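Visitor: Read off the chains here:
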Amino acid sequence: MVNKNRNSNENFSCVDEGKKEELTGVDLSYPCPDIRGRFGEFGGRFVPEILMPALEELEEAFKKIYLTPKFQEELAYHLRDFAGRPTPLYLAERLSEEFGCKVYLKREDLLHGGAHKLNNTIGQALLARSMGKTRLIAETGAGQHGFATAIVGAKFGFKTKIYMGLEDVKRQKHNVYRMRLLGAEVCPVYSGSKTLKDAINEALRDWITNLETTYYLIGSVVGPHPYPLIVREFQRVIGREIKEQILKKEGRFPSALFACIGGGSNAIGTFYDFIKDEEVELIGVEAGGKGLSTGLHSASLKAGTEGVLHGAYTLLLQDKYGQISHSHSVSAGLDYPGVGPEHTFLKQIHRLRVETATDDEALEAFKLVCKLEGIIPALEPSHAIAYARKIAEKFDQDDIIVITLSGSGAKDLDIVREYFDIEERV
Amino acid sequence: MTMVERIKQTFEALKEKNEAAFIPFITLGDPAPSFSVKIAKALIEGGADIIELGIPFSDPVADGPTIQASTTRALSQGMNTDKAFELAKKIRKIAGKTPLVFLTYYNIVLQRGVKNFFKDCSLSGVDGVIIADLPVEEAEPAFKAAKSKNINLIFIVAPSTSDRRLNIVLEKADGFLYVVSLYGTTGARKSLQEITKKTIKRITKRAKGTVPCCVGFGISKPEHVLEVVRAGADGVIVGSAIVDIISKYGELKNGVLEKVKLYAAEMKEATK
Numbered sequence: 026m027v028n029k030n031r032n033s034n035e036n037f038s039c040v041d042e043g044k045k046e047e048l049t050g051v052d053l054s055y056p057c058p059d060i061r062g063r064f065g066e067f068g069g070r071f072v073p074e075i076l077m078p079a080l081e082e083l084e085e086a087f088k089k090i091y092l093t094p095k096f097q098e099e100l101a102y103h104l105r106d107f108a109g110r111p112t113p114l115y116l117a118e119r120l121s122e123e124f125g126c127k128v129y130l131k132r133e134d135l136l137h138g139g140a141h142k143l144n145n146t147i148g149q150a151l152l153a154r155s156m157g158k159t160r161l162i163a164e165t166g167a168g169q170h171g172f173a174t175a176i177v178g179a180k181f182g183f184k185t186k187i188y189m190g191l192e193d194v195k196r197q198k199h200n201v202y203r204m205r206l207l208g209a210e211v212c213p214v215y216s217g218s219k220t221l222k223d224a225i226n227e228a229l230r231d232w233i234t235n236l237e238t239t240y241y242l243i244g245s246v247v248g249p250h251p252y253p254l255i256v257r258e259f260q261r262v263i264g265r266e267i268k269e270q271i272l273k274k275e276g277r278f279p280s281a282l283f284a285c286i287g288g289g290s291n292a293i294g295t296f297y298d299f300i301k302d303e304e305v306e307l308i309g310v311e312a313g314g315k316g317l318s319t320g321l322h323s324a325s326l327k328a329g330t331e332g333v334l335h336g337a338y339t340l341l342l343q344d345k346y347g348q349i350s351h352s353h354s355v356s357a358g359l360d361y362p363g364v365g366p367e368h369t370f371l372k373q374i375h376r377l378r379v380e381t382a383t384d385d386e387a388l389e390a391f392k393l394v395c396k397l398e399g400i401i402p403a404l405e406p407s408h409a410i411a412y413a414r415k416i417a418e419k420f421d422q423d424d425i426i427v428i429t430l431s432g433s434g435a436k437d438l439d440i441v442r443e444y445f446d447i448e449e450r451v
Numbered sequence: 018m019t020m021v022e023r024i025k026q027t028f029e030a031l032k033e034k035n036e037a038a039f040i041p042f043i044t045l046g047d048p049a050p051s052f053s054v055k056i057a058k059a060l061i062e063g064g065a066d067i068i069e070l071g072i073p074f075s076d077p078v079a080d081g082p083t084i085q086a087s088t089t090r091a092l093s094q095g096m097n098t099d100k101a102f103e104l105a106k107k108i109r110k111i112a113g114k115t116p117l118v119f120l121t122y123y124n125i126v127l128q129r130g131v132k133n134f135f136k137d138c139s140l141s142g143v144d145g146v147i148i149a150d151l152p153v154e155e156a157e158p159a160f161k162a163a164k165s166k167n168i169n170l171i172f173i174v175a176p177s178t179s180d181r182r183l184n185i186v187l188e189k190a191d192g193f194l195y196v197v198s199l200y201g202t203t204g205a206r207k208s209l210q211e212i213t214k215k216t217i218k219r220i221t222k223r224a225k226g227t228v229p230c231c232v233g234f235g236i237s238k239p240e241h242v243l244e245v246v247r248a249g250a251d252g253v254i255v256g257s258a259i260v261d262i263i264s265k266y267g268e269l270k271n272g273v274l275e276k277v278k279l280y281a282a283e284m285k286e287a288t289k
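Going down the list, the sequences are from chains A and B. According to the working numbering, the first sequence holds residues 26 to 451 in order. According to the working numbering, the second sequence holds residues 18 to 289 in order.
Excised from the complex, chain A in its bound form (with noise of 0.2 Å):
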């Protein structure tokens, strides 16, 4: 899979080089990332020349706390009795007779905020008091990143910002009232497209000038160095457990792993500790929009060019002069003009396959999962649903499949309401 030859300098540079096989449970050939923060070529650290001391200040921060007993201990104890870890892995049993295979869901939709998303902001508060800092910013797109942040702000007592594109700020208004009603500022941007990536850039700039104080707890496995590191570090718990509670359950490996890539976090935590494991498939499932021949779409991996975007050399939606092209698809937390530099690399290496599911199919996956399990799963999820359902055939009745559910769905009611209201008319 990977060239196994490599020097063992380049692997993991975050870790010392006793504990990295223990800490990554991964064969010291998987390079990732590299001291530059390269996944293959992909990664880096592409940003001004004002941050690079706040980057290796994290790292450095991040390299000397996260493998402690001590700080392992915490992050154990607050995922478990404040953020209700484990998740359950659910046979989804009317599903699986839908699909024709056994489906299991991983329920990051019941951890505490309704998404995957604590897993990171709990690691990274913890992270962010150690390094003395007493303010928290953030970007979200579907607003689920912002509320686990604001959580986190109020529970670890930061004065918390949350940036959020204005298209964002008005198709999830239930979570910019939760994140509020937390005592987070909610502060809506007005520049480019007014989603996600805009709101990633005025992340980028409050930091620039409030370096001192504040730290940037960003919500995906994007951006420069070492970001891209500790988001998976915090969200690979998903796949850790996966991997357990499948053992247990049916003393067996899955067939294939399913989740939804939009910057891709949920997705690097699910499938990280199976990187390994080859008999495992891999699907990641981006966001198809209206079709990838409308251009209207979220696919980064699928469509994308390689380019350099809020920190990283990865793959992005772009023009051919390199101008960010404006993604869309229905799930906000899925439209993003990037994606994760260590998922471009998987693909790379052909150890992740990449599809994608339409907006129409999502929300098709959406109702299914609503009648069958009594689930209401968010939009972007529901697109890793989608993709399971168009391939289930070719599953045997005795396959395994996992698929992250990675949040609720109780913050797209609105857009759901409407898309079927919109259906009904017509």
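Honestly, the hints are just simulated from the structure, not real lab data. Since this is a predicted model, take the numbers as computed values, not measurements. Careful: at least some of the hints might be erroneous.
Below, simulated SDA-like cross-link-like pairs (lysine to any residue); rule was C-alpha separation at most 25 Å, straight line [to be verified]:
| # | chain 1 | residue 1 | chain 2 | residue 2 |
| --- | --- | --- | --- | --- |
| 1 | A | 345 | B | 92 |
| 2 | A | 89 | B | 181 |
| 3 | B | 214 | A | 78 |
| 4 | B | 214 | A | 234 |
| 5 | A | 88 | B | 154 |
| 6 | B | 215 | A | 82 |
| 7 | B | 136 | A | 330 |
| 8 | A | 345 | B | 140 |
| 9 | A | 345 | B | 166 |
| 10 | B | 100 | A | 351 |
| 11 | A | 219 | B | 48 |
| 12 | B | 214 | A | 238 |
On the chain A side, residues computed to face chain B include the following (Cβ under 10 Å) [what the hints assert, rightly or not]:
| # | residue |
| --- | --- |
| 13 | 73 |
| 14 | 78 |
| 15 | 233 |
| 16 | 330 |
| 17 | 332 |
| 18 | 341 |
| 19 | 344 |
| 20 | 345 |
| 21 | 350 |
Glycine included, C-beta positions come from ideal geometry on N, C-alpha and C.
Since the structure of chain A is already known, use the hints to place chain B on it.
Guide: Just chain B, lined up with the frame of chain A:
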């Protein structure tokens, strides 16, 4: 005269006259591509020593609201990298010995191909390139391509840059050093911050005259110029204040060229 010499000789000539460089910035294509050559001419007539030409990028994270808005206007007028090079050629024709420096973001350079970008700079009479999101650690490909075409790749340092990194940057520094004078994004400010003078002193001390240090971000008035020059700066970079004039007066008929020229002259005077 080769291009490397244009920036070098500009600073040498200024040193002889005991003046600092006045370096205005404009976004190419704002408010329209046809406008940019005229503005550049007005700036040169006003006394600009070097001109910075911004190639707009859709996601300019180092820029404050003024330049962001300017970028948006330019892009909505169909500005792109091809047109930027065409405009640079035209500006070169009227610029005489005045060096031209592109300022952009790395994705713009990448998508043209790093080598191609610098080759086209050379063909268009562009003397230097500043890339706002390319720290020295990632700059090797651009540095090599620039060198091979005798273009100055101009690096940025900031108040947060440690002495260790400053030394690395100084080793690669070419043309001049762009000293970001504060913690923040681009944009005009009422007064200079304490950190600005402190940063200038620290960086000029370490540069030891090996490369001119020009200060940007937040400089908009002649008194700012006096202060930073007194602190040891070899030049001042002024962007948002000029972009403000252009956006305020917008059209040629409102005498915007006169206003730009007058402002440039006033700022240039303060460098003397």
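Visitor: Next, verify each hint and record whether it holds.
Guide: Status of the hints after comparison with the structure:
With a C-alpha separation of about 14 Å, the suggested pairing of residue 345(A) with residue 92(B) holds against the 25 Å cut-off. Straight-line distance between C-alpha atoms of residue 89(A) and residue 181(B) comes to about 21 Å, which keeps the hinted pair within the 25 Å bound. Taking the CA atoms of residue 214(B) and residue 78(A), the gap is about 20 Å. The hint holds against a cut of 25 Å. Restraint check: the Cα-Cα separation between residue 214(B) and residue 234(A) comes to about 17 Å, which is no more than 25 Å; the hinted pair holds.
Distance hint between residue 88(A) and residue 154(B) is fulfilled; the C-alpha atoms sit about 20 Å from each other, no more than 25 Å. With a C-alpha separation of about 22 Å, the suggested pairing of residue 215(B) with residue 82(A) holds against the 25 Å cut-off. Simply put, residue 136(B) and residue 330(A) have alpha-carbon atoms about 23 Å apart, close enough for the 25 Å limit, and the pair holds. Restraint check: the Cα-Cα separation between residue 345(A) and residue 140(B) comes to about 21 Å, which is no more than 25 Å; the hinted pair holds.
Of the supplied pair hints, the one linking residue 345(A) and residue 166(B) holds, its CA atoms being roughly 24 Å apart against a limit of 25 Å. Restraint check for residue 100(B) and residue 351(A): satisfied, since their Cα atoms lie roughly 22 Å apart, inside the 25 Å limit. Restraint check for residue 219(A) and residue 48(B): the C-alpha separation of about 22 Å stays at or below 25 Å, so the hint holds. The straight-line distance between the Cα atoms of residue 214(B) and residue 238(A) is roughly 22 Å, inside the 25 Å bound, and the hint therefore holds.
Nearest Cβ of chain B to the Cβ of residue 73(A): about 4 Å, under the 10 Å cut. The hint holds. A distance limit of 10 Å between C-beta atoms decides the matter here; for residue 78(A) the minimum to chain B is near 4 Å, and the interface restraint holds. The criterion of a C-beta within 10 Å of any C-beta in chain B is met by residue 233(A), whose closest approach is roughly 6 Å, and the hint holds. Using the Cβ-Cβ criterion of 10 Å, the hint placing residue 330(A) at the interface with chain B is satisfied: the shortest such distance is roughly 8 Å.
About 5 Å separates the beta-carbon of residue 332(A) from the nearest beta-carbon of chain B, less than 10 Å, and the hint is met. Hint status for residue 341(A) relative to chain B: holds, with the closest Cβ pair at about 8 Å, below 10 Å. Because the beta carbon of residue 344(A) sits about 8 Å from the nearest beta carbon in chain B, less than 10 Å, this interface hint is met. Checking residue 345(A) against chain B: minimum C-beta separation of about 6 Å stays under 10 Å; hint holds.
The closest approach between the C-beta of residue 350(A) and any C-beta of chain B is roughly 8 Å, which is under the 10 Å cut-off, so the hint is satisfied.
Figure legend: structure checked against the earlier numbered hints; every hint is met.
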